[in-house]
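Construct the complete structure from the given sequences, taking the supplied hints into account.
Chains as they are written, first to last, in our numbering: chain A, 1047 to 1535; chain B, 167 to 467.
Incorrect hints may appear among the rest.
Examples of chain B residues toward chain A, derived with CB under 8 Å [as the list claims (entries may be wrong)]: (1) Lys-194; (2) Pro-361; (3) Asp-364; (4) Leu-369; (5) Ser-434; (6) Arg-438; (7) Arg-440.
Taking beta-carbon pairs under 7 Å as the criterion, some of the chain B residues facing chain A (in silico) [as the list claims (entries may be wrong)]: (8) Ala-198; (9) His-368; (10) Leu-371; (11) Thr-372; (12) Ala-437.
Label pairs and their calculated CB-CB ranges [said to hold, decoys possible]: (13) A:Pro-1193 to B:Ser-223: 16 to 26 Å; (14) B:Gly-268 to A:Val-1186: 34 to 44 Å; (15) B:Ala-301 to A:Lys-1352: 46 to 56 Å.
What the hints contain is simulated information worked out from the structure, not anything from laboratory work. For glycine and all other residues, C-beta sits at the position ideal for the given N, C-alpha and C.
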Amino acid sequence: MKDFLSIAPARQIPIEAVPMFPVEEFRERVIAATRNGMRLIALPGRRTEAGSVRVLAVLASDKAGALFLGETEMDGEYAALTRDRPFAQAFERELAEEWGLRPLGHPWLKPLRFPCGRPGVTDFLVVQGEGIHEISVGPVHAGIIEPGHFRFQCAGENVVHLEIALGYQHRGVEQSICKAPAQRRVCYFETLAGDTTIGHTTAYAQAMEALSDAPAPPRAEALRAIALELERLANHTGDLGALANDVGFLPTASYCGRLRGDFLNMTALICGSRFGRGLVRPGGVCFDLEPSRSDELRRRLDEVEKDARSAVELLWSTPTVMARFEGVGVVSTDVARTLGLVGPAARAAGLDQDARRDFPSGWYRFHHIPTATWSTGDVFGRAFVRWLEIQRSLAFLRETLSALPAGESNRPPKALLPQRLTVTMTESWRGETVHVAMTDEHGALALYKVVDPSFRNWMGLAVAMRGQQISDFPLCNKSFNLSYCGHDL
Amino acid sequence: MPSLGTGLNVLIGLAAAPLLPGIIARVKAMVAGRRGPPPLQGYYDLIRLLHKDHLRSRTATWVFGGAPAVGLAAVVCGLLLMPVGRQPAFFSFEGDWMVLLGCLALARWCAILAALDTGSGFAAMGASRDACFSALAEPALFILLAGLARQTGELSLSGMVAGLAPSAGLTDAPGLALLAAALGLALLAENARIPVDDPNTHLELTMIHEALVLEQAGPDLALMLYGAALKLWLFGLLLMNLLVAFADSFAVWCGMILMAAGIGVVESAMARLRLLKVPPLLVGAAALAALGFALIWRTTP
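So this is what it looks like as structure tokens:
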């Protein structure tokens, strides 16, 4: 009997090498594999010529550092994975929405990105009873944030249930990627989730390089890692400041706002764009870093680290701030695993997973970065893991900048090989970013699937709010800080 | 009795009240390393809002339109009853401290009715929180004013403040200090300041006072904001009367500016409490007031 195919991330394989299983066996194999610590990281579907839907499961084994692939072909109804594996819920809702499959026994088969006008459940879960009231927030918010709808079922100030309806930012990115000319494609990734430009463009560039068997030069990989860590630093610092702002603690809020700008300016020093637009391209990077700017970068890092330390450590030493952070919005390790959370939200709940260590690609194969975890799973945990990651990223940057590999920083990209498949993973600041790419018989992109970390974590926020005070929602929300457009694509 | 000086004090209060939020914002900005809005920003905001149209929800009734004016009038009535240091109040009569608390309650009642009238979920949530917290802050105010009455043997606010300096000996100091502490906490709670409420937040779900006025716009909002500034002025006067009862009005004005700066420093140095922790704080304020009252009861013949 054939088994799931084991591959390394960012390597290409012929599509026909992926084993095909009957639906029932496919389901059992996925369930059995995930019982032993594997995670489901992507479940893309595609239409076959016969009209049925071919579904690819990508499983990740953190211990082995390997991905396992298997396919099935189905049409119409099948027994939902979610019944046994709740982390499949969003994947299966997506399959149902995009391909018309009907996962039987899915507990809440609601369209993922089209809140209205699509088949399936479109109502919100309503809690009934004395004193229960409903509060709806969004999609238009009081602050300048992305649109999303939050429906709270409350008993007084306590949240009984929160349901999050997204899709307002759906732009059809995945569909456009395959149709776009190769030169323009990267622009979709730069703005796929605006704050994760480097994370997504790096995953895309690696996918293209894998599919054309033309790896980027080491210097380019090092520069991509530098940009990725700078992106992490900017966003983590911004998040800590935003958390302080949400509890009304001004000193850290204002200083972190400034420090975030400093980190963004360092990215601008490398490539001229504060968000890293125009830096990463298939084949390498568009901007080299000569010694003078590299020294300037290191000088700025030293300066900013001192300020960041005093601003952030003020949070942990202020009792009124800690009283707001601790014990709020707890996600236990079990729940985090059951829901398949990723990134700082998962690590704060004690899940020891980090794609930079477990599935290293690019520069992370040569230079390791320690993984930061915490055990409490509350707002404090998510904030503190960010602070630990800030410190480790700073050390990583300093070491990488002092020993940049020599050589060229880009190579001309080659044509994609026909009928190939690759899976790339980067640990962007919000968590594991997974891209799955396939080419057709002419070497054109036939399928491109993006799994943003937000896609995996939104349910975590909904569950973290259960039994919490509704007034703590903004704080909890900020501690996850998920992307709407990364989810809606 | 009404006199030129007492009338002048009321006018100064009416004119200067919007300055206090401006000073607080300025101090907070300076602590955070920013320049901040000009201290007169409160006036600019009021002028801007007064130039706007009335915008009222179609579902709202006359209650929504009338509430801001009645609420403001209630606070102004309260101001008429408040002495300024050595100078007595514009109006003064026995038991006027109860009327003062009644005026404050009326202003809040109007704001809550207006919030409920719109049928907005956020406004109603703010109303429920405001009602809950002010119900807890009110006993503290009652007990501390009763303590002052007991200390001085007077039943009018002007009489209490005038009698405070001569009657208070060293043995009364602990009791009065407890009353002042309770008043400080009640001031922060009643005026929607950190650690109870965050006046700068844009997050609907955490708002208390801001949610209450979320539906108001234009001149209605101007009246609500002006009423809130006057209320802060009123509480500031009460605190000054307790701390520097012997002072003349100029010293009281200076004290008010210092108090606003102090609020700015407190707001910069601490985070806002969890909503769940606010009731214990307010019950604590009432307990402080009660303890002060008990001490005064024992030391006063």
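Hints, verified against the model:
The beta carbon of B:Lys-194 comes within 6 Å of a beta carbon in chain A, closer than 8 Å, and the hint placing it at the interface holds. A hinted interface residue such as B:Pro-361 counts as satisfied when its beta carbon comes closer than 8 Å to some beta carbon of chain A; here the least separation is about 7 Å, so the hint holds. Proximity of B:Asp-364 to chain A holds as hinted, the smallest CB-CB distance being about 4 Å (cut-off 8 Å). Against a cut-off of 8 Å between C-beta atoms, the interface hint on B:Leu-369 holds, since the closest Cβ of chain A lies about 4 Å away.
The beta carbon of B:Ser-434 comes within 5 Å of a beta carbon in chain A, closer than 8 Å, and the hint placing it at the interface holds. Below 8 Å, beta-carbon pairs count as interface contacts, and B:Arg-438 has one with chain A at about 4 Å; its hint therefore holds. With a cut of 8 Å, the hint placing B:Arg-440 at the interface with chain A holds, because the nearest CB-to-CB distance is about 6 Å. Given the 7 Å rule on beta carbons, the hint for B:Ala-198 holds: about 4 Å separates it from the nearest Cβ of chain A.
With its C-beta approaching chain A no nearer than about 4 Å, B:His-368 sits inside the 7 Å limit, and its interface hint holds. For B:Leu-371, the interface hint holds, the least distance from its beta-carbon to any beta-carbon of chain A being 5 Å, beneath 7 Å. Interface restraint check: B:Thr-372 against chain A, minimum CB-CB distance 5 Å, threshold 7 Å, status holds. Checking B:Ala-437 against chain A by beta carbon gives a least distance of about 4 Å; that is within 7 Å, so the hint holds.
Separation of A:Pro-1193 from B:Ser-223 is about 23 Å and conforms to the stated range, judged on CB atoms against 16 to 26 Å. Hint check: B:Gly-268 to A:Val-1186, Cβ distance near 40 Å, so the stated range 34 to 44 Å holds. Hint check: B:Ala-301 to A:Lys-1352, Cβ distance near 48 Å, so the stated range 46 to 56 Å holds.
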